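J.: The chain contents come next:
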Amino acid sequence: MRERGQREVFCGLTGIVWLHRKIQDAFFLVIGSRTCAHLMQSAAGVMIFAEPRFATAVMEERDLAGLADANDELDAAVARLLERRPDIKMLFLVGSCPSEVIKLDLSRAAARLSDRHAPAVRILSYSGSGIETTFTQGEDRCLAALVPELPRVDNAPPQLLIVGALADVVEDQFARLFAAMGLDTVCFLPPRRAGDLPAVGPNTRFLLAQPFLADAAKALEARGAAHIAAPFPLGAEGTTLWLKAAAQAFGVDPMCFRAATAAPEARAKRALAPLEASLAGRRVFFFPDSQLEIPLARMLSRELGARLVEVGTPYLHRQHLAEELALLPEGTVLSEGQDVDRQLDRVRAAAPDITVCGLGLANPLEAEGLTTKWSIELLFTPIQGYEQAGDLAALFARPLDRQTRLRV
Amino acid sequence: MQLTVWTYEGPPHVGAMRVATAMEGVHYVLHAPQGDTYADLLFTMIERRDKRPPVTYTTFEARDLGKDTAELFQATLIAAHERFKPQAMLVGSSCTAELIQDDPGGLARATDLPIPVIPLELPSYQRKENWGAAETFYQIVRTLAGSPRGKAMADRADRDRRPLCNLLGPTALGFRHRDDVAEITKLLGEIGVDVGVVAPLGAAPDDIARLGDADFNVVLYPEIAGVAAKWLKRTFGQDFTTTVPIGVGATRDFIAEVGRLAGGAVTDAAGRISPSNLPWFSRSVDSNYLTGKRVFVFGDATHALAAARVATEEFGFTLCGLGTYSREFARDMRAAAAQHGLEAVISDDYLDVEASIAEAQPELVLGTQMERHIAKRLGIACAVISAPVHVQDYPARYSPQMGFEGANVLWDSWVHPLVMGLEEHLLGMFRDDFEFHDGARPSHLGAGARVEPAPEMAVRASESSSAVTAVAEAAAPIALGWGSDAEEELRKIPFFVRGKARRNTEQFALERGLAEITVETLYDAKAHFSR
Numbered sequence: 001m002r003e004r005g006q007r008e009v010f011c012g013l014t015g016i017v018w019l020h021r022k023i024q025d026a027f028f029l030v031i032g033s034r035t036c037a038h039l040m041q042s043a044a045g046v047m048i049f050a051e052p053r054f055a056t057a058v059m060e061e062r063d064l065a066g067l068a069d070a071n072d073e074l075d076a077a078v079a080r081l082l083e084r085r086p087d088i089k090m091l092f093l094v095g096s097c098p099s100e101v102i103k104l105d106l107s108r109a110a111a112r113l114s115d116r117h118a119p120a121v122r123i124l125s126y127s128g129s130g131i132e133t134t135f136t137q138g139e140d141r142c143l144a145a146l147v148p149e150l151p152r153v154d155n156a157p158p159q160l161l162i163v164g165a166l167a168d169v170v171e172d173q174f175a176r177l178f179a180a181m182g183l184d185t186v187c188f189l190p191p192r193r194a195g196d197l198p199a200v201g202p203n204t205r206f207l208l209a210q211p212f213l214a215d216a217a218k219a220l221e222a223r224g225a226a227h228i229a230a231p232f233p234l235g236a237e238g239t240t241l242w243l244k245a246a247a248q249a250f251g252v253d254p255m256c257f258r259a260a261t262a263a264p265e266a267r268a269k270r271a272l273a274p275l276e277a278s279l280a281g282r283r284v285f286f287f288p289d290s291q292l293e294i295p296l297a298r299m300l301s302r303e304l305g306a307r308l309v310e311v312g313t314p315y316l317h318r319q320h321l322a323e324e325l326a327l328l329p330e331g332t333v334l335s336e337g338q339d340v341d342r343q344l345d346r347v348r349a350a351a352p353d354i355t356v357c358g359l360g361l362a363n364p365l366e367a368e369g370l371t372t373k374w375s376i377e378l379l380f381t382p383i384q385g386y387e388q389a390g391d392l393a394a395l396f397a398r399p400l401d402r403q404t405r406l407r408v
Numbered sequence: 001m002q003l004t005v006w007t008y009e010g011p012p013h014v015g016a017m018r019v020a021t022a023m024e025g026v027h028y029v030l031h032a033p034q035g036d037t038y039a040d041l042l043f044t045m046i047e048r049r050d051k052r053p054p055v056t057y058t059t060f061e062a063r064d065l066g067k068d069t070a071e072l073f074q075a076t077l078i079a080a081h082e083r084f085k086p087q088a089m090l091v092g093s094s095c096t097a098e099l100i101q102d103d104p105g106g107l108a109r110a111t112d113l114p115i116p117v118i119p120l121e122l123p124s125y126q127r128k129e130n131w132g133a134a135e136t137f138y139q140i141v142r143t144l145a146g147s148p149r150g151k152a153m154a155d156r157a158d159r160d161r162r163p164l165c166n167l168l169g170p171t172a173l174g175f176r177h178r179d180d181v182a183e184i185t186k187l188l189g190e191i192g193v194d195v196g197v198v199a200p201l202g203a204a205p206d207d208i209a210r211l212g213d214a215d216f217n218v219v220l221y222p223e224i225a226g227v228a229a230k231w232l233k234r235t236f237g238q239d240f241t242t243t244v245p246i247g248v249g250a251t252r253d254f255i256a257e258v259g260r261l262a263g264g265a266v267t268d269a270a271g272r273i274s275p276s277n278l279p280w281f282s283r284s285v286d287s288n289y290l291t292g293k294r295v296f297v298f299g300d301a302t303h304a305l306a307a308a309r310v311a312t313e314e315f316g317f318t319l320c321g322l323g324t325y326s327r328e329f330a331r332d333m334r335a336a337a338a339q340h341g342l343e344a345v346i347s348d349d350y351l352d353v354e355a356s357i358a359e360a361q362p363e364l365v366l367g368t369q370m371e372r373h374i375a376k377r378l379g380i381a382c383a384v385i386s387a388p389v390h391v392q393d394y395p396a397r398y399s400p401q402m403g404f405e406g407a408n409v410l411w412d413s414w415v416h417p418l419v420m421g422l423e424e425h426l427l428g429m430f431r432d433d434f435e436f437h438d439g440a441r442p443s444h445l446g447a448g449a450r451v452e453p454a455p456e457m458a459v460r461a462s463e464s465s466s467a468v469t470a471v472a473e474a475a476a477p478i479a480l481g482w483g484s485d486a487e488e489e490l491r492k493i494p495f496f497v498r499g500k501a502r503r504n505t506e507q508f509a510l511e512r513g514l515a516e517i518t519v520e521t522l523y524d525a526k527a528h529f530s531r
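Protein chains in written order, with the UniProt record's numbering: chain D, 1 to 408; chain U, 1 to 531.
No lab work stands behind these hints: they were computed from the structure.
Just so you know, not all the hints are guaranteed correct.
What follows is a set of in silico ranges between Cβ atoms, one per label pair, in the way DEER data are often shown [what the hints assert, rightly or not]:
id, chain 1, residue 1, chain 2, residue 2, range
1, U, Ile78, D, Arg283, 49 to 55 Å
2, D, Gly66, U, Arg252, 52 to 58 Å
3, U, Thr242, D, Ile102, 40 to 46 Å
4, U, Ala396, D, Gly182, 29 to 35 Å
5, U, Pro123, D, Ala280, 51 to 57 Å
This structure is a prediction, so every number in the text was calculated from the model and none was measured.
For glycine and all other residues, C-beta sits at the position ideal for the given N, C-alpha and C.
Full structure from sequences and hints, please.
T.: Below is the structure:
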């Protein structure tokens, strides 16, 4: 089912809220309006004050008057910023709706400024505007902008690249698991420091850790890297299938693979077992938010026995999600895009046990008697891999648990 | 372009949303790109509203720009009218829609809906949130308040009822608006004045139509209701109050002003009003140590002006800085600052404000959520008096700022962050205690270290580096010119006045061309400045 209408989603600028923590010496400068600055501070809450690593160059009347002027203003803003913060190694100029509409060419600005500030700072650009990107697509655009910067490698032994920002602890667990299979040259994109960009070339095989990385994958393929198709590493089953896809691509001996994964997989299943009692048979409704909905629905239904009422996603990349779609229960209702008022009519009519939705809808739906799980938390919590499978299920069980505790 | 890390106000359409969300039976159709719905979270999360704001966004995307966004706007408007059946609608653009120039007002007229549709012209690249709220409220009042006929003063004069007023200005997402309205309604009731319409908060279009029935208007928040109140005066001859009842003195002045506007019909209030505890608390001897504490005040104009008066006349503090981000009220603010021998800080750049605070070396900051973080960075006590605020300043408990109960709330919340009297004395007496020392937080605020002022500064937009120096100065490392004995002596001064002592001593040495600061210089300066 495809829907058009009012969409209650974030724009791609919100990706900055976690990306600036992942790449510690990068700075994100949004070129936009007061609305963009307001969004950033509403989304980033209290973090804005602890030595922020992002800011907004707020466009004013005079910037809208003529383009040359806007470029000069931008150069001045960047020069001031870099003077103040000599520790910045990489600067992202992030496009917004206003800068896209007036066609301010940030890629040219980035090239011009890179010449001026090389070699101390690399300056890149990408768009996080609402007219082009939804929520997590901001990360996709950011990583796609990084790909041309990656060093070139030609005649190296095949290497594995994991793409998508993961919690540090999750990244370390995956590195250990791959090492146990004998793959010890595994790299991650994005890196933790701007200077540690992984190399890429025709021998690179990459595995997507997140389902929303269409552009980044395309950019990597353009550099000769090959995509390894796999479901996403959510839950015990998803993690095993994801790791197995890489193991097979690199010719890891099946016995060796089992030896590396058997114990943590059993641990993950043990952690999931007690949560099945509270989630089995529960009817779950997903509003579109981050593109994580389909992998999450697959995990909740197959590993915890939940029933899927409707699985909404802002955008469906059929090729990247082919393995996931094959695992979904027969007859699952999928919706791509959104007309929020009609979707709300459907959720009220279905009265599911758990509604997964954004914070703009969560409290109003709670007040109508529906139990909700706010979806943004799934981006700000370590949920991938074996050791987090129980934590992920607990995120969905918690609102139900709370319902039964409260007596007033 | 203005390099902005923190903005004191949102864009003007957020002000329009605050008015629409405050009201009943009004729906706002906003021409805006996908993603601008983030603003819903301000209402559903920060203010914890249990309903979605009555706002429908067109949420156009890039692929719509090639087509007819005007048609999309009209279809959205018609669908919203059909679904929500409001009594009146607002239409307008966000900052991006302003660039594509679709003219929501004209498009709405063409759809010919059977209800009033009010077009909002909110210039996003010049104006901000409070201006947007004021303009929206003014346009709503202009359109819906009815005609002046039959609403002349004469009709109101020969009546057989208590004086009647409207309360103007409270909105959604307002700082303590919920409880201020309750407190002032109660106070007016006690002095014999009835409240007709409260608007925009809780008002429906029918209520706006009744605004003209009141004898006069009470303007609680001039930033939002000032323009509408002036129009009501011109159109219906209704006078409006100009005193904002924050603090005991201002509340008394407000009662007197209401008395004048109500034509003397106000009950003699003595003995009927529950008085405030603030005057006695402030006169009791344990408040002695508050005398002359240096306080820096910043916020929206109304709250900052009120706080300046309360801080000086009712707490006995000394004002060492005053400012606002409300440029519309710059003149009033400058006049008020001048009375205290200060130059007002009129800025919406928080880095400027940070520089001014570092410069003034206050012992207490009364400001917004933003100043809370500046104060934390500088290791200064802080209380919040004005928006922007975060979720903790939309509390569950009754916490007005206005009226006599509001004064009680001010007393508790402003004194709380300060080190308590006995502790302050003992810190001045004994410097080397293992538990109670400069580095520790005031002990009634729980365990933990005081945040040491960081010499590192955030991104600075302006070329002014005075903030950096000032902050670095407030921090430990001592500049050239200080003898080691003098430096050691300086450290014996309690931290909350040390910054000031240090600046005074350095200024004293500079004026006299002294090459080195000795212990003698320190005490000479102390004697000089205490004259």
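J.: Is it true that Gly66(D) and Arg252(U) lie within 52 to 58 Å of each other by Cβ?
T.: holds (55 Å)
J.: May I ask you to test the hint 49 to 55 Å on the CB atoms belonging to Ile78(U) and Arg283(D)?
T.: violated (34 Å)
J.: Taking the beta carbons of Ala396(U) and Gly182(D), is their distance inside 29 to 35 Å?
T.: Violated - the Cβ-Cβ distance for Ala396(U) and Gly182(D), about 57 Å, lies outside 29 to 35 Å.
J.: So the hint says 51 to 57 Å: do the beta-carbon atoms of Pro123(U) and Ala280(D) match that?
T.: Given about 56 Å between the Cβ atoms, the range holds.
J.: Honestly, do Thr242(U) and Ile102(D) meet the 40 to 46 Å range at C-beta?
T.: holds (42 Å)
Of the numbered hints listed earlier, those contradicted by the structure are 1, 4.
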